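**Student:** Generate coordinates for the entire structure from the input sequences, incorporating the hints supplied.
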Amino acid sequence: MVRNPSTPPGSPPDVPRFDFDSVQLNNVSRHFGRRRALSRISTTFRSGDIVGLLGPNGAGKSTLLTILATLTTPTGGEVRYGGRLANQAGAALRQRIGLLAHELYLYPELSARQNLAFFAQMYGLDGDGVVTAALTRAGLADRADDDVQGFSRGMRQRLALERALLHHPRLALFDEPFTGLDDAAVRVVIERLRALAVDGAIVVVATHDLDLADGLVTRVALVRDGRLLADEPAATGLRSRYRGAIGAA
Amino acid sequence: MVLRTALLVLRKDLAIELKTLEIVTTTLFFAVACVLVFSFAFVREGQAPPDAAPAILWIAVAFSGTLALGRTFERERYGETVRALLLAPSPRPALYLGKLLGMIVLLVLDEIVLVPLIAFLFAAPLFARPLLLVGLLATGTIGFAAVGTLFAAMLIRSRTRDVLLPILLYPITVPVIICGVRGTAALLAAPVDEPIATMWLGILFAMDVVFLMLALWTFEPLMTE
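Note that the protein sequences, when read in sequence, are chains H and C. Just remember that my numbering sits 1244 ahead of the position in the first sequence, which is counted from 1. Just remember that my numbering sits 30 ahead of the position in the second sequence, which is counted from 1.
These aren't lab readings, by the way, just hints derived from the structure by calculation. Note that this is a predicted model, so its numbers are computed, not measured.
Computed spacing ranges between beta-carbons, pair by pair:
hint, chain 1, residue 1, chain 2, residue 2, range
1, H, 1376, C, 48, 15 to 25 Å
2, H, 1391, C, 229, 45 to 55 Å
3, H, 1391, C, 186, 17 to 27 Å
Selected chain C positions facing chain H (in silico; Cβ < 8 Å):
hint, residue
4, 38
5, 42
6, 45
7, 46
8, 49
9, 50
10, 110
11, 113
12, 114
13, 116
14, 117
15, 118
16, 119
17, 120
18, 121
19, 255
So the derived list for chain H, only partly shown, Cβ under 7 Å to chain C, looks like this:
hint, residue
20, 1316
21, 1317
22, 1335
23, 1338
24, 1339
25, 1349
Backbone N, C-alpha and C fix where the C-beta goes; we use that ideal spot for every residue, glycine too.
**Tutor:** So this is what it looks like as structure tokens:
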């Protein structure tokens, strides 16, 4: 059940509102020199989807996420966000995208509060309330003024997750979101991803953890050698399907 | 919007620098050491060769600036925060402007120490025309930092950035350094050659306008992967 699209709590004054219910990839390819990272990927992700982007190391999952995040330009094909291209929507589109990448996009010299406050302001979200709420969700309220360089990987991962979701993105992209998390934190993140989808976000999760993906994702996109091998609704027995399409997992 | 984002980036950079004092101390240490070595080499019985002081001032600024450029973007590379900045819904040239302002603040801090030190060690009357000196230092610093910030940002993903930065930077910024040296030398002439100093100031200003326009125009395409 998908609720009405969430409205971003704020945006920079000069950025027009932009919303979309789907992201469509048409023959998207990306080459780095002679190396082919992605080859003619075509699919559509819709509001309310939790898409599991699965594949072995070097399959092209992270490249696909950075293309969806508009950080990397495809060398072929196009990505349409509700019918508009990234370069047509510009800053208004970036306002609706959240990315938790493998690198956590945090300043280790700054405190958790300073990191979140900086990114909140970059997204036009002023006020301590947003930051305090995010710190509480990350379970870091009591460590808010400690420098991030003193945090464990799990704590940094939780903080980075909140940083990525501060602005209520419509397209939420996650690259290995469960790295370094303990069981309790994993459960919290899973619930967070489900809540995002219920709120109408398009959630894309690249992960190697098939056990966690099984039961979480609503669609599965299997990628190998830059090619999309399967794109289908999720069902139980993800590991056996993965083995069938990709090989041993 | 552009100014707001630029100031946010500047404030963030200054907050990090205030906590670590890493760039300020290393660049100042390097610049002061550079000036001291030159003073021992050139000053004899309280007399330095003509025009040595302006050359050493600008060399110290350029070299310590290069050091600062590398380090300030290393921070954005660590943890890939540069990508988070590029993903933010702000005009991307504003990110450049914010980093540029941070570089200018760091270089100005260097100059606040370097100018009196050089005036003392080289017995150079650098404060004879303070407004012109400030004008030359300001325009020279902006010109150097404008090009340096663009190249440092552009090279952030290059493995050989430490080698490539000076190779790319110095050929473009040498004219700025030369203008700065000649303008400052005119201030040290006896009597002070104000028209010549003003001419070099005008040339530096024109270079700043060109460099800034080109950098703001090319920053976004250069940073797109």
